[in-house]
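Novice: Chains as they are written, first to last, in the working numbering: chain A, 85 to 377; chain B, 34 to 467.
If you are wondering where the hints come from, they were derived from the structure by calculation, not from laboratory data. Honestly, I wouldn't trust all of these hints.
Said to hold, decoys possible - A few chain B residues facing chain A, derived, Cβ under 7 Å:
hint, residue
1, Ser109
2, Glu125
3, Ser209
4, Ser294
5, Gly325
6, His398
7, His402
8, Ala405
To be verified - Below, simulated SDA-like cross-link-like pairs (lysine to any residue); rule was C-alpha separation at most 25 Å, straight line:
hint, chain 1, residue 1, chain 2, residue 2
9, B, Lys249, B, Phe368
10, B, Lys88, A, Phe218
11, A, Lys230, B, Phe368
12, B, Lys324, A, Pro151
13, B, Lys304, A, Pro135
14, B, Lys304, B, Gly443
15, B, Lys158, B, Arg371
16, B, Lys304, B, Thr329
17, B, Lys158, B, Phe368
18, B, Lys88, A, Glu162
19, B, Lys88, A, Arg157
20, B, Lys218, B, Ser294
21, B, Lys431, A, Phe218
Values in this document were obtained by computation on a predicted structure and should not be read as measured data. Note that the Cβ used here is the ideal one computed from N, Cα and C, for glycine as well.
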Amino acid sequence: MSTRLTARRRRMGTRTARRRAARTGQYLALLGYLVFLAFPLLWLVSTAFKPPRELASLHPGWIPDHPTLDNFRQAFDEQPLLRSAGNSLIASLAAAAITVVIATPMAYVMARHHRSPLSRAATGWIVVSQAFPFVLVIIPLFLVLKEVRLIDSLSGLIMVYVVWSLPFALWMLAGYARAVPRELEEAAAVDGASRARTLISVTMPLLAPGIVATALFAFITAWNEFFFALVLLKSPQKQTMPVILTHFIGAEGVADLGPLAAASLLATLPSLVLFALIQRRITSGTLAGAVKH
Amino acid sequence: MRRRTLLAASAAGTLSATGTLLSACAPGRRRASGGRITLRFQSLAWQQESIQANKQLVAEWNAAHPDIRVDYVQGSWDSVHDQLLTSFEGGEAPDIIHDATDDLADFAYGGYLADLTDLLPQRLKDEIPPQTWQAATFAGGIHGVPFLQEPRVLIANRALLERSRVRIPAPERPWSWAEFEDAAKELTRDGTHGVAWPLKEPVSATLNLSLSTGGKVFHRGADGKVTVRFDAADQRVPRVIHDQLGGDRSAARTTLGMGGSDTLPGFFGGKYAMVPLGFSYRQQIVQQAPKGFAWTVLPSPAGPGGDQRQGVSPQTLSIAADSPYQKEAARFIDFFLRPPHMVRLARGDWMLPTGRTALRDPALHTRRHGWATGAALAGGLRPAPAQSVRGYPEWKDKVATPALQEYYSGAIGMGELRKRLVEDGNLVLARYQR
Numbered sequence: 085m086s087t088r089l090t091a092r093r094r095r096m097g098t099r100t101a102r103r104r105a106a107r108t109g110q111y112l113a114l115l116g117y118l119v120f121l122a123f124p125l126l127w128l129v130s131t132a133f134k135p136p137r138e139l140a141s142l143h144p145g146w147i148p149d150h151p152t153l154d155n156f157r158q159a160f161d162e163q164p165l166l167r168s169a170g171n172s173l174i175a176s177l178a179a180a181a182i183t184v185v186i187a188t189p190m191a192y193v194m195a196r197h198h199r200s201p202l203s204r205a206a207t208g209w210i211v212v213s214q215a216f217p218f219v220l221v222i223i224p225l226f227l228v229l230k231e232v233r234l235i236d237s238l239s240g241l242i243m244v245y246v247v248w249s250l251p252f253a254l255w256m257l258a259g260y261a262r263a264v265p266r267e268l269e270e271a272a273a274v275d276g277a278s279r280a281r282t283l284i285s286v287t288m289p290l291l292a293p294g295i296v297a298t299a300l301f302a303f304i305t306a307w308n309e310f311f312f313a314l315v316l317l318k319s320p321q322k323q324t325m326p327v328i329l330t331h332f333i334g335a336e337g338v339a340d341l342g343p344l345a346a347a348s349l350l351a352t353l354p355s356l357v358l359f360a361l362i363q364r365r366i367t368s369g370t371l372a373g374a375v376k377h
Numbered sequence: 034m035r036r037r038t039l040l041a042a043s044a045a046g047t048l049s050a051t052g053t054l055l056s057a058c059a060p061g062r063r064r065a066s067g068g069r070i071t072l073r074f075q076s077l078a079w080q081q082e083s084i085q086a087n088k089q090l091v092a093e094w095n096a097a098h099p100d101i102r103v104d105y106v107q108g109s110w111d112s113v114h115d116q117l118l119t120s121f122e123g124g125e126a127p128d129i130i131h132d133a134t135d136d137l138a139d140f141a142y143g144g145y146l147a148d149l150t151d152l153l154p155q156r157l158k159d160e161i162p163p164q165t166w167q168a169a170t171f172a173g174g175i176h177g178v179p180f181l182q183e184p185r186v187l188i189a190n191r192a193l194l195e196r197s198r199v200r201i202p203a204p205e206r207p208w209s210w211a212e213f214e215d216a217a218k219e220l221t222r223d224g225t226h227g228v229a230w231p232l233k234e235p236v237s238a239t240l241n242l243s244l245s246t247g248g249k250v251f252h253r254g255a256d257g258k259v260t261v262r263f264d265a266a267d268q269r270v271p272r273v274i275h276d277q278l279g280g281d282r283s284a285a286r287t288t289l290g291m292g293g294s295d296t297l298p299g300f301f302g303g304k305y306a307m308v309p310l311g312f313s314y315r316q317q318i319v320q321q322a323p324k325g326f327a328w329t330v331l332p333s334p335a336g337p338g339g340d341q342r343q344g345v346s347p348q349t350l351s352i353a354a355d356s357p358y359q360k361e362a363a364r365f366i367d368f369f370l371r372p373p374h375m376v377r378l379a380r381g382d383w384m385l386p387t388g389r390t391a392l393r394d395p396a397l398h399t400r401r402h403g404w405a406t407g408a409a410l411a412g413g414l415r416p417a418p419a420q421s422v423r424g425y426p427e428w429k430d431k432v433a434t435p436a437l438q439e440y441y442s443g444a445i446g447m448g449e450l451r452k453r454l455v456e457d458g459n460l461v462l463a464r465y466q467r
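Isolated chain B (complex conformation) (with noise of 0.2 Å):
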């Protein structure tokens, strides 16, 4: 008896110390409160100067408007997609979504995004270029502001390439896909390696790249089923990649299971001649960078014709379909992408704005750091092929990235990659059609 007096006591102490604790600190309700709406702004910047451009804006508008107070949040990319998709399943997202297209998908199709067509003014539309909103348009609505956006280039080392024999391309002049492997082969001598193909994620930047030569993988029926097809023009940047790799060794095998920062350290070390990068990692190339360390951004290899287009899966700003203050958000959105904004936001992220006006400005032609040589691939950039085909991660992770990695490792041949690209990844794609 004794005994269970004790026990019930314990569990009635701890219970009501348990309740005391969770009433005390039961969480504020957010929004309208004295006629001031206050919006929640999940941003995922996450560089100093980026982080520090976001909040300036906020702060700006918030001086502005004293009625719409917009909250900072600070979000991480690497979970973002989870968070949020618990937050729309709870009810709980925040108003302002800061993502990118490839991840934009699986919300919109959910029902999750709120369909900016008629949110947004028609000054932002215009400053957009159509193949851009293109990216975040899904199932006939824009679910999406693209606004920052990066090419992959070639960071390269310029000491190497003026000794070299080698033509140094220009935007106006790039290598073509030939070129560009008779540059590796010329720059791999002594020890340095003429490339060095960061792979750890083979199939973006394989089909990324692939649009300069026409490869487009995945094509949409009259029906408008998509199937996955892998011809010639889709094998001209793998077999390039992979008689690098495999061929004339002009391509480091040691970079095969590397991402981008790994190869850094090498390429400062004389390793590589030249590293395919996305624009935006020149910023740790300039703080990590030996001092006296003379590198170039250089254009990446076009395809027939000069053609310059390559996939990228701009950042957005969307609105939530729960949010009660979505024409609230889409003005702050409007706010914080004029032009001005759009330069500072690229800045702080070394990268492309999207907009027209904000592409123009005169510090993002600037010679150094290799400013102008992306921005004069803008007009090139197309949405990356594969993000608005439902299906496409598990295509990615199941079929494409393992069968990628055995091609350039040189464990399967072009004959058994395309078997398994097409045949494994329509039978993935088929699952999600029906």
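So here's chain A without its partners, still in its complex pose (with noise of 0.2 Å):
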């Protein structure tokens, strides 16, 4: 007896190193991934505070040994960076609002009339449309835009970038949508509640981390976008972010280093600002214990 249990004891303490290896492993490579994933931002941050000597070092340490804020002044003088950022940040925001406006009936009647062919085209047309590539439509589009007097207008760049992450943006919700339980609407029709109520006061508050998903996405994608913001804006008033870092960079790849990097980095922090706010509402899990089964 007393054997018995002390093989299945030894069994079970086996059993659990191999599981605290496991997890071990695990957070290893978990732990290269985050590294792998911060190395960017970590030479960035690193760069943006080097003087020029220390960039020019031929054994680079991740801490400057002089920090200088001297990038940060440059960069902001030579390149007019806040009017660029004021100009993202509106370019951004409104594509990110419009977008998601837009999808989220779109993506409502796509989730619940899935097996439609209209919602098996629409999903067919969002598939095809994530592979044309940039190059291949800026001409029409230019040609189209100039029509409309949307050249060189902020409003025409909005268009464009909600015209551009819709398709994305409509999969993406399509995706929250269907995950909100028909059950739910069913026992708000059972107490009385009407279509408009029900959408209102139980679907779209189930659907606000996939709203906020995809404005996210939105917001980010059209922040970044640099190819349609160099073609469409003329004006130097109305360059965005992305436009105005390439200024740093000059001909054969040349780059004025530490003004880059130092501009690049203010360029990241809108994104983790909006990260950090937001993280919590994209993650929690509103769903959790909604229905009983």
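Join the two chains, each given in its own frame, into one complex according to the hints.
Specialist: Here's what the structure looks like:
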């Protein structure tokens, strides 16, 4: 009896040790992945505070020996960073808001009627639309926008961003909408709620994390977009942040590395802040426990 | 029914909001208003001093010409081709365009750039040597004013150079290619390579330097058609580089995939004694070199008889064919490129001006930072051999770049390199010359 118990304990101990080792491996892999992801950002921070002589060091260190704010000063002196950040912010926020307003009802319809031919066609269109490279559409798009006098205007750019991010936003939101249980809507109907009331009071709150995630996606897509902004905006006063960043790069790819890193670091801040503010909203399990089975 | 109403309301609201937003932000039209003309000048200046010089000149023009205002627009080298192409197609190109001659051919042949032959004043035409004008002449018309150019020079670690037994070359007595090979061997010791060739873009470096040995690669026949050849004169420079990399190892193999800036940390750290770089890289060296680091500028090796020719692609100012104010734009270019202004622009970009008077300015002949060496090389600068050849960009990207990279890395020999450059190259060019 005692021998059997000992053997069982030993087996359990081995299993626990294996589980611990597996867990440790998982954490190590996650840590490696995080380091890999963080590397460009850390490099950016390090470079932004280094004086020119340290940038050209044969043995660069992570922490600058003589940290300086000169790169930031030079970046602000040379290029209108604040104005371009303002333009980017207007374009990105507007694009995100309009995308969400258009995509939400469409995604809901697609989710609730996903077997209909129209919904299938829409899904097909979404997939195909993601395959078009920018250069293929830019000239026709330019001509169309010129006809409607929307070249060199932020509103033209916003319209392009909305059209460009809409397919993926739809796809994304339709997934969230499908996850909203029909039973909840049916229960609301049984309780006497109208269709509109059900959508506003029951469905929309449950869709909120999806809407926030989609808005974030549309915002970041627009915030980082370079090519359309480069081609469609002519006046220096209207240029966006990614276009301004290329002004630190010279012929044959030579770059003014310090100011470029400083400006790029500033350009990443809004996305980081936005993520920090709303990540809980995205990850919260709003639906947990909503339906009793 | 209610659902439909809700969706329709949502869609209508969206459209209405979008429409309001769009109409509120519709762009104002530029051009003439109240007798005042507005020209848009897209500059590719990117270094701090250069941007300042450009902006100051525009401000001076605007102060002196209230009837013709120039708006300064910052462009970028990285994306200028795609951006201009789209702007030309859409009829929204800037009036005055800053670019380089190797990018102009497509635009000039496409009819996007105005022919400046009759627009430019004689003063400006006389200032710039005929061979430099050739660089911006396409289909018999001048499509850009070349105003800045840079030779390739050898930036050398002065301490290592003086410690060695090599003769220090001067513009009036440069090294031959054979002497350069010997010097690189002599300078290779104690973990230091004699030379570092940054060959991320091997084609232009190879072709431009090959002019000194009589290399042409592209040969135009009596019928105007261009064919690729790769004869002994064309092979001299690539052979030297190949032998330094794989033969006596006087060149560092690790720099093969690097751009010019990437080699600087190794140069400052004493890993390489010399680096062949564009003249403007001096600005980065001044800014980044460790305190006390001594460096000097040497002329590139010369070919037989001291031939110091090199290919260059000067920076240019062009006028859009669609611009309704070409004469006014030409007046601005004339002002912008007056000799003292050219000197300011050249100093801002650490390059050489193309104008004869500007080039004589004492500020460009000081020995400090190697200005005098560069200025002495100006007479040998010629249009890059391939820039007016239609199909060159494709030949460069699809044929020559991989072939030269393989040759320099030792993967293929000279026979295979020649076969690829010539046979594959002529197939590419033939498509453009039907």
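Novice: Next step is simple, just say for each hint if it's right about the structure.
Specialist: Here's how the hints hold up against the structure:
Nearest Cβ of chain A to the Cβ of B:Ser109: about 4 Å, under the 7 Å cut. The hint holds. For B:Glu125, the interface hint holds, since its Cβ comes within 7 Å of a Cβ in chain A; the closest pair sits about 6 Å apart. For the restraint placing B:Ser209 at the interface with chain A, the shortest Cβ-Cβ distance is roughly 27 Å, beyond the 7 Å limit, so the hint is violated. Residue-level restraint check for B:Ser294 holds (minimum Cβ-Cβ distance to chain A is 5 Å; threshold 7 Å).
Taking 7 Å as the C-beta cut-off, the interface hint given for B:Gly325 is violated, the closest approach to chain A being about 11 Å. Interface restraint check: B:His398 against chain A, minimum CB-CB distance 24 Å, threshold 7 Å, status violated. Below 7 Å, beta-carbon pairs count as interface contacts, and B:His402 has none with chain A, the closest being about 16 Å; its hint is therefore violated. Because the smallest distance between the Cβ of B:Ala405 and any Cβ of chain A comes to about 23 Å, over 7 Å, the interface hint for this residue is violated.
Taking the CA atoms of B:Lys249 and B:Phe368, the gap is about 36 Å. The hint is violated against a cut of 25 Å. About 32 Å separates the Cα atoms of B:Lys88 and A:Phe218, which puts this hinted pair outside 25 Å; it is violated. Distance hint between A:Lys230 and B:Phe368 is unfulfilled; the C-alpha atoms sit about 32 Å from each other, more than 25 Å. The hinted pair formed by B:Lys324 and A:Pro151 meets the criterion: a straight-line CA distance of about 17 Å does not exceed 25 Å.
In summary, the hint linking B:Lys304 to A:Pro135 is supported, as the alpha carbons are separated by about 22 Å, within the 25 Å threshold. Restraint check for B:Lys304 and B:Gly443: satisfied, since their Cα atoms lie roughly 22 Å apart, inside the 25 Å limit. The suggested pairing of B:Lys158 with B:Arg371 holds, with an alpha-carbon distance near 12 Å, which does not exceed 25 Å. Simply put, B:Lys304 and B:Thr329 have alpha-carbon atoms about 16 Å apart, close enough for the 25 Å limit, and the pair holds.
Between the alpha carbons of B:Lys158 and B:Phe368 the distance comes to roughly 13 Å, so the proposed pair stays at or under 25 Å and holds. Between B:Lys88 and A:Glu162, the direct Cα distance comes to roughly 11 Å. Compliance with the 25 Å bound is thereby established for this hinted pair. Our distance criterion of 25 Å between C-alpha atoms is met by B:Lys88 and A:Arg157, whose separation comes to about 19 Å. A hinted pair counts as satisfied when its Cα atoms are at most 25 Å apart, and B:Lys218 with B:Ser294 qualifies at roughly 24 Å.
Proposed proximity of B:Lys431 and A:Phe218 is supported: the alpha carbons are some 22 Å apart, at most 25 Å.
Hint compliance for this structure: hints 3, 5, 6, 7, 8, 9, 10, 11 are broken, all remaining hints hold.
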